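J.: One-letter residues, chain by chain:
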Amino acid sequence: MIKIKNNIKQLKSQVIMASLLVMAVVMTSCDFEFDLPEEGSIADLTPPTASFESKVSPENNLKINFTNLSGSSTDYVWEFGDGNSSTDKEPSHTYDAIGTYTVMLTATDKIGASSSVTGEVIVEEKQVIKPEILEAGFEDNTLPDGTGDGRDSWRNDFGGVIQITSSPVNGGTQAAKFPSAGDRVGHQEVLATPDTDYILTYYYTMKTSGTGNLTVRVLGGSISDLDEADGATLASHVGTNQDSSSTYVKVEIPFNTGSNSVVGILITNEGVESRVDDMEITIK
Amino acid sequence: MKQIKFLTLLILAVFISSCEDDFLSPELVSAENGDTYYANDAEIETAVVNIYDGVQGVNQLELTSSGLNYGVQNEYYLTEMRSDNTRTKSSEGEAAQFENYTLESTNGIVLNYYRSYYNIIFRANTVLENLDAATDSGKVKFEAEAKFLRAYAYFNLVRLFGDVPLVDKLINPADTETSFTRVATSTIYELIVADLQTAASGLTDGSKDRASKSAAQTLLAKVYLTLGNYGDAKTLLESVMSSGFTLQDNFVDLFYTERNSEIIFAIGYEASDVYNSQNFSAEWLNAVGRTSGVNYVTDDAVAALDAMGGNRAMYSYRIDPAQVTQHQVVKYLPNGDEDLGIPVTSGDPTSAGNDWIVLRYADVLLMYVEAVMAGADATLDASAIEAFQKVRDRAGLTDTVTSITKQELLDERRVELAFENHRLFDLIRFGVAQEVLSAFSSANGYSFSATDLLLPIPQSEIGLSNGVLTQNPGY
Chain A
1 MIKIKNNIKQ
11 LKSQVIMASL
21 LVMAVVMTSC
31 DFEFDLPEEG
41 SIADLTPPTA
51 SFESKVSPEN
61 NLKINFTNLS
71 GSSTDYVWEF
81 GDGNSSTDKE
91 PSHTYDAIGT
101 YTVMLTATDK
111 IGASSSVTGE
121 VIVEEKQVIK
131 PEILEAGFED
141 NTLPDGTGDG
151 RDSWRNDFGG
161 VIQITSSPVN
171 GGTQAAKFPS
181 AGDRVGHQEV
191 LATPDTDYIL
201 TYYYTMKTSG
211 TGNLTVRVLG
221 GSISDLDEAD
231 GATLASHVGT
241 NQDSSSTYVK
251 VEIPFNTGSN
261 SVVGILITNE
271 GVESRVDDME
281 ITIK
Chain B
1 MKQIKFLTLL
11 ILAVFISSCE
21 DDFLSPELVS
31 AENGDTYYAN
41 DAEIETAVVN
51 IYDGVQGVNQ
61 LELTSSGLNY
71 GVQNEYYLTE
81 MRSDNTRTKS
91 SEGEAAQFEN
101 YTLESTNGIV
111 LNYYRSYYNI
121 IFRANTVLEN
131 LDAATDSGKV
141 KFEAEAKFLR
151 AYAYFNLVRL
161 FGDVPLVDKL
171 INPADTETSF
181 TRVATSTIYE
191 LIVADLQTAA
201 SGLTDGSKDR
211 ASKSAAQTLL
221 AKVYLTLGNY
231 GDAKTLLESV
241 MSSGFTLQDN
251 FVDLFYTERN
261 SEIIFAIGYE
271 ASDVYNSQNF
281 SAEWLNAVGR
291 TSGVNYVTDD
301 AVAALDAMGG
311 NRAMYSYRID
321 PAQVTQHQVV
331 KYLPNGDEDL
341 GIPVTSGDPT
351 SAGNDWIVLR
361 YADVLLMYVE
371 AVMAGADATL
381 DASAIEAFQK
391 VRDRAGLTDT
401 VTSITKQELL
411 DERRVELAFE
421 NHRLFDLIRF
431 GVAQEVLSAF
441 SSANGYSFSA
451 TDLLLPIPQS
461 EIGLSNGVLT
471 QNPGY
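Same order as they appear, the protein sequences are chains A and B. Heads up: the first sequence at position 66 corresponds to 66 in this note's numbering, and the numbers run straight through without jumps. Heads up: the second sequence at position 388 corresponds to 388 in this note's numbering, and the numbers run straight through without jumps.
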């Protein structure tokens, strides 16, 4: 009977020992290691593919907008070919000068796989319009269709229509005349390129009696009332040269178009009968 | 024994004689079927009407089973809500993916539009392959209508998805190559131009909710503008401008008088008609449709309409009467607005009858300006200014126009055609979408990038294609 009891005790201690051993094994096995298993893992089936397109900004010929067309990637490095770089997904870059640049885009994913692509970006000279003033010399039949009375293009709602004079003139056989009452206004809009320097050239002469001026303004965009003229003026010249009523004086008004693709030419006078002839806008 | 031999021969004879073709493929006599149905003009015309039915789509509040096509009724999600004009009211669910520029290729609204528009193409191809039985005059008209609608569907698909599968005939399910091979946009445009040329020469004017000569010319002009072919666009628009269309005197009337003088092509709906009503008017209200309110007007659009819309502003958006911090579209109200003098047009707003305007005369006038401008920054052309002035005069903006810049034209299109699904396409066509939408997106905390200008090809189509159909970049 005692022997049996001893045997049971012995068994019990063996069971406890075994349990401890199992526990120890289980506990030590809790040191997990996070190595990715070799067996059963699959290759990266969708590695990054770098791809992009570029387009010139409508506002600035030196500024290029990039479109990122890369796939399966999260991080990007752009090298713009002029020493500058960016890590934005979809950057814009403004170059300092025109030329051809080799742009490299490297697309990377979060496991370090990457793909690169290069492309050429051509930064071109801005296409500048030479503004065309209609009936710039106030001559008959000089509209593009061969008609016109020399002042059709200058009519407007701001004042009476300008008069035409045949003497004195600067060039051709006619010039514009603004009587001393100052109630005649010449206005015309022309197309121009934004952010561009131009020079408006014209000739004027004034009678020697009385006091007043002949004012020519270059306006940015359209106006619907003369009150808006001051606010829209890009540049202007107030002519007061009354040395001779028959000798024309040359004026040059340099201006920058700013954001405007349309500029207006506004001619007004005060107090003195004045004449204007041969207007032209040239690219500076 | 002899009898058995005889019997065997008899049975054999019976079996042999029964082996004729029609024994195995008998004619269906108990119901009409596609193989034999299209036998005369009247029957072919039902197939033509069926194409319009595809564009019309089903009212999701009336017919709720899955797998139905919503057609043009869901188009605002894919166009206006991806522009700076509209958004969801509460920025929830897959509808908000459009305004946030976080579209997933699993988006169900995109999938429904894709399937709807290919279904329209299928319906058009069905007509085109069954023209043999038509009379000569019927044939010309049916072909023209089917090609107009097929071109309309492809023009939208190609602008929304880029390269898409080109299906110009009836195909069977096994033809996976045609179904899933993406074809270059330039090739798709060749089909669109050819179809619209056929349509314009085969149609006459007179119909507003079915294709007409002017509708085909207007749509083709828009295609040409998109392709940068300004000269041909101008010629077509001049033709439409001498076809008797006029602007409505009052802006609001053009939306609430069906088939008025300004409408060139509209999709017709009938109020309180299970099969021919629409639910988009209800969805744009506050929790009247199945959404809590979508196509709500952005602050950006409110500011643009206030600044440049003239008397169009009050008939374009209003303060949501149920939630005064929000703004709703006014152009297609089903249940009227007493303050604005807009009558109730649908007793039950969820079963609305407001037609969807696809092409109207103000669009033609502004496209004409665009054609004259021909990609330049501005124009001083007298005929362009006259067209532009007409649109502005009607809006109460009667200052004399002396020049039009590209920006002024884009702004005018925005306020004239707001919420009519033009804005996104206009921004893309004018070449300013990336800049405008980037700025709009960062001002509102959205995540626009240039690849968002194309929608994802629906994932379920890619799945069905066994890897043949490829995804657009960025998705």
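Be a bit skeptical, because a hint or two may be false.
Heads up, simulated DSS-like pairs for lysine-lysine below, C-alpha to C-alpha not over 27 Å straight-line [what the hints assert, rightly or not]:
#  : chain 1 : residue 1 : chain 2 : residue 2
1  : A       : K284      : B       : K406
2  : B       : K406      : A       : K126
3  : A       : K130      : A       : K55
4  : A       : K55       : B       : K406
5  : A       : K250      : A       : K130
6  : A       : K63       : A       : K284
7  : A       : K250      : A       : K207
8  : A       : K89       : A       : K63
9  : B       : K141      : A       : K130
10 : A       : K89       : A       : K110
11 : B       : K406      : A       : K63
12 : B       : K169      : B       : K139
13 : A       : K110      : A       : K63
14 : A       : K130      : A       : K89
15 : A       : K177      : A       : K110
Bear in mind the hints are in silico, worked out from the structure with no lab data behind them. None of these values were measured; they are calculated from a predicted model.
J.: Give a verdict on every hint.
T.: Hints versus structure:
1. Proposed proximity of K284(A) and K406(B) is supported: the alpha carbons are some 24 Å apart, at most 27 Å.
2. With a C-alpha separation of about 18 Å, the suggested pair K406(B) and K126(A) falls inside the 27 Å cut-off, and the hint holds.
3. Only pairs whose Cα atoms come within 27 Å are accepted, and K130(A) paired with K55(A) is accepted, the gap being roughly 25 Å.
4. Only pairs whose Cα atoms come within 27 Å are accepted, and K55(A) paired with K406(B) is accepted, the gap being roughly 18 Å.
5. For the suggested pair K250(A) and K130(A), the alpha carbons sit about 20 Å apart, so the restraint of at most 27 Å is met.
6. Annotation: proposed proximity of K63(A) to K284(A) holds, straight-line Cα distance about 22 Å (limit 27 Å).
7. Taking the CA atoms of K250(A) and K207(A), the gap is near 16 Å; set against the 27 Å cutoff, the hint holds.
8. Annotation: proposed proximity of K89(A) to K63(A) holds, straight-line Cα distance about 17 Å (limit 27 Å).
9. The hinted pair formed by K141(B) and K130(A) fails the criterion: a straight-line CA distance of about 50 Å is larger than 27 Å.
10. Between the alpha carbons of K89(A) and K110(A) the distance comes to roughly 15 Å, so the proposed pair stays at or under 27 Å and holds.
11. Using a Cα cut-off of 27 Å, the hinted pair K406(B) and K63(A) holds, with the two alpha carbons roughly 19 Å apart.
12. Distance hint between K169(B) and K139(B) is fulfilled; the C-alpha atoms sit about 17 Å from each other, no more than 27 Å.
13. With a CA separation close to 31 Å, the supplied pair K110(A) and K63(A) exceeds the 27 Å bound.
14. Restraint check: the Cα-Cα separation between K130(A) and K89(A) comes to about 39 Å, which exceeds 27 Å; the hinted pair is violated.
15. Between K177(A) and K110(A) the CA atoms are separated by roughly 76 Å; this puts the pair beyond 27 Å, and the hint is violated.
Figure legend: structure checked against the earlier numbered hints; hints not met, in rising order: 9, 13, 14, 15.
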